[in-house]
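Student: Go by the hints and put chain X onto chain G.
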Amino acid sequence: MSTKHTRLIAAGAAALAAVGLLAGCAGQGAAGSAGAAGEPVEGGTLTYLEHQPYTTLYPPQAGFYPNGGLVNNLTARLTWQDPETLEIQPWVATDWAVNADATEYTFDLRDDVTFSDGTPLDAAAVAENFDTYGLGDEELGLTVSEAINNYASSEVVDDDTVTFRFSAPAPGFLQATSTINSGLVSPDTLDRKLEDWGAGSATEIIGSGPFTITEEEIGTSLHLAAREDYDWAPASFEHQGRAYLDGIDLVVTPEDSVRIGSLLAGQADVIRYVQAFDEQQVADAGFEIVAAPTRGVNNSLGLRFTNPLLSDLRVRQALVHGVDAQEVVDTIFTANYPVATSELAATAAGYTDESAKLAYDPEQSEQLLDEAGWKVGDDGIREKGGERLSLTVYEAKPQPLSKQTLELVSQQLAKIGVELNVKAADAGSYAEDILDPLKTPVYHSMVGRADNDVIKSQYHTQNRNTLLSDDAKLDELLESVASEPDPAKRDEASAAVQDYLTEQAYVIPLFEEPQVYGAAPYVHGFTTEAVARPQFYDTWVEKQ
Amino acid sequence: MPYLARRTGQALIVLAIAFTATFVLLQALPGDAILIKFESPELGLSPEQIADIRASYGADVPAWQQFLHTISGFVVGDFGYSVQYGTPVHELIGTALPETLVLAGLGFVVAVVLAVALAFLSTLAPFGWLRQGLRALPGVFVSVPVFWLGIVLIQVFSFQLRLVPVIGADPVQGLILPVLTLAVPISAPLAQILARSIDEVQLSPFVAVVRAKGASPARVLWRDVARNATLPAITIAGVLIGELIGGAVVTETVFGRAGIGRLTEQAVANQDVAVLQAIVVLAALVFVVVNLAVDLVYPVLDPRLKRKAVAA
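Chains G and X, in that order, give the protein sequences.
Each step along the first sequence adds one to the number in our numbering, with nothing skipped, and position 302 is 302.
Each step along the second sequence adds one to the number in our numbering, with nothing skipped, and position 40 is 40.
What the hints contain is simulated information worked out from the structure, not anything from laboratory work.
C-beta atoms are modelled at their ideal positions from N, C-alpha and C, and glycine is treated no differently.
Reference listing, derived: stretches of chain G covered by chain X, where coverage requires no fewer than 3 residues with Cβ under 8 Å from a Cβ of chain X: (1) 46–56; (2) 190–200.
Computed far set for chain G versus chain X, every beta-carbon distance over 10 Å: (3) Thr94; (4) Ala276; (5) Glu363.
A few chain X residues facing chain G, derived, Cβ under 8 Å: (6) Ile53; (7) Thr87; (8) Ile151; (9) Pro165; (10) Ala269.
Only chain G is shown next, with the shape it has when bound in the complex (with noise of 0.2 Å):
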C-alpha cells in the first residue's frame, strides 16, 4: 500500500474517531541519524522493550531471557568472560587461584565494592553467595544453581579472600562465577524467601551492578536507575565509572509487531526478541540487528530412545538423516540463524565438527528403515508388525517460531515415511507430557552456557534431562566433561559426548540459535554478555 493511501484511509479513520481526543498530542519525530559514533555521552533514559514479564530475579533461576536481562544489569560478578575469547577475567575478584584437581578456589576481592544499599561486599557475603547458590536453600525455597556442581563449603579467609572447596573436580566452577547465575547480591537479599524474589519485590533486591530497579508495576514494567557510585566495572573494560545512561524504562511489550513499531516509530530505543520474519524490515528502516549466539546446545530435536519407537539405532539414524537443517534455516530464519554442524554450536566451548556425520541423506534414511523391517504402509507412513512409525512432538514455546519448524521438519520426514504429530498443548499439558517419552518421544530444547558444563546440562539425568535417558554410558562420558581439571582434556571430553550423541544418533541438531535484538541508530555500545543477555553499562544514547 502506498503511502499515500496509507494516509488518506488514516485520515478517514481520524475523523471518525473523535478526533477532538487526540488533538495537542505531540507527536514524537523521526528517529535521530545513526552518524558516526563520537565520544560517549553521560546522560539520558533509554527505552527498551521486554517480549514477557520477569517472573524471579534469583539469580540461579535467571536462565529465562526476562529474568536474566535483569540480573545482568542489577549484580557483579566475581568474574567476567569475555564474550568473544570467552576468557575468564577478573571483575569483583582481582585474582584467583585453583588447585591441581579443581576442588579448591581462591578468590582475591577488591575491597571498594558495595551493595546498592551501601553495605560491604567483602569476603563473607561472597561466602554467603556461593553457600546459597551451591547449597540451596531448603527452607526458604531457594534452589541449587545450574552451574555449580559438587559444592561442598566456603572459607573466610580475610577480609577480601575467600575460599571455596569442592567433593569432586569442578573445573566448571571459574566460569559459574561469571555468569548470571552467580551475581552477588546482599546477604539479607539472601535471606528473603524464593516467593519474595518475584513480582512486586524487584525495588527490594538488593545488588552490587551498575543498575538498581527503582519502580516497578507490576507485570508492566520497571525502572532502572543508573548507581551513581558503581566503579567496579571488570578491569579490562574501557569504560570505568557510572553506567553512561541515567536510566532505563523497561516495558513488558508481549505483542511483536507493537514492539517493532515503536522501535521503528521512536518510541522505543532498543527491543529484544526481534522474528526472523521482521529482521529485514527493522534493517531496511536503517535500524541496527543486535543478533548474539548463545553458545550452547543448539536448538535441536531429542530422539527419546526410552520409547519403543526409538529404541532401534537405525531408526534414530534415519530420522537424523532424514531432516534438513539447511531448509529449515532456508525458509524460515535468517543468516543470524546459523545451521547446526554439531549438537554444540560452533561458537561454545569444547565444540567439535560432526557435521560429516549429520547430513542430509533422504536415500540413506529410506535404506535404514527398510534394513530396520519399517514398510512403507496404504498411507505413505512405514509400518512394522500393524504399528505405524508415529512420532509425537510438542511446540516449544520458549523457542523462536518452534511450531513453524517443527511442522517444516515434519514434512520433511513425511517424505523418508514418518509421521510427526506438531501438538500444541496449555502449559500444564506440556510440563506433565514432556516427562513421558511415551507421549514425547521427540523433545525441542536448547541451552545456552558458555562453558563445556552446558553439554551436561542438557543431557545428564540429574540435570535437564532432555532424552529422558538411562544410558549410564552417557552420563558417565558428561560427568567427564564437568570433572576433568585440565582445559584441553575436558574439550577432548566435551568431543567424546558429541561422537556419541552423533554415533548414537540420540539428536536432531538445527540451528544455533541467536537472541535477536533491535536499536536505534542513535544508540551506542548495546552489548550482550557471554551467552547473548542484554547488557547496558556501555550504553548511550546519541539523541536529544
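Tutor: Below, chain X alone, put in the same frame as chain G:
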C-alpha cells in the same frame, strides 16, 4: 426490601456456584502451576524437593480439603498466593483492578456515547442512503476483532501519524487508543438494539397520538420514543459487562497495559489457580452487581414495572 434481600441471596448463590465450578474445572485440568514452575528441567529439583514445595502451597492434600481451605479463605478475604509470581493474590488484583476499572469504565462510557449517537443519527439523518449507511456501521463494528482493531489503531495513530505514543505515554495519552479499541465492538450491539427499539416504539399507537397533537419529530424522538426505547438497551448493557472483561484481556495485552485482563492472560498461561479463582469470583461479582443494578433501574425508567412489582 424483601425483594432486595431475595435478590442478594440469589447473588450469593450465583457466586458460590461460580466459585465451585471454577475450582472443579481448574482441578480437572492436567498439570498445575507448581508443575509448570518447579518441574521445569532447568531447576533440576529432586522429586522430594518438589513434594516439599507442594506441601508448602497446601497442594498435597485431597481436593476437597483444598476446596474447604480456599473457600474459607475467600470468605475472610484471603485469596492465597500466586504460584507464578509468589505474590499474594490480593496484592496482584489490588494493583491491577484500578487500571482495568478506569479502562473499562471509560470504554463503556465511550461505547454508550457512540451507540446513542449512531442510533439517533441513523433515525434522524437526512437522505435515505446516509441512514442506511449508519445502520450498517454497527454490523461492521461487531465483526471487528478487538485484537485486530487494537493493532490497526496503533499502527495508524501511533506509528504512522505519530499522534499518540504507545510506549512512554502519559496516563491520559495511554488511555486514548485502548479505550477506543474497547469501545467500538461494545458500542455495536448497543447501537443495533437501540436503533431497532426506536423503530418499534415509533410504530406504537401513542406515538401516532403525540404526532397528531402536533409534536415535532425531534420532540417525539427525545421525549417520548427515547425513554421507551432505552429499556432493552439497558438490559443488553448489563450483559455487555462480560464483553468488557473479555475485551480488556486482549486490549491490555496488545497495548502492554497492567490490569485484570493481562493478569488473567498470564494466569491462564501458567495455570495460576489462586489468581484465576479470585478473578472468576470478581468477574461473577461484577456481573451480579451490574445485573442487580439494571433490575433496580427498570422501575425508575418505566413506572408500569413499579406497579407490577408492588402488585406482586
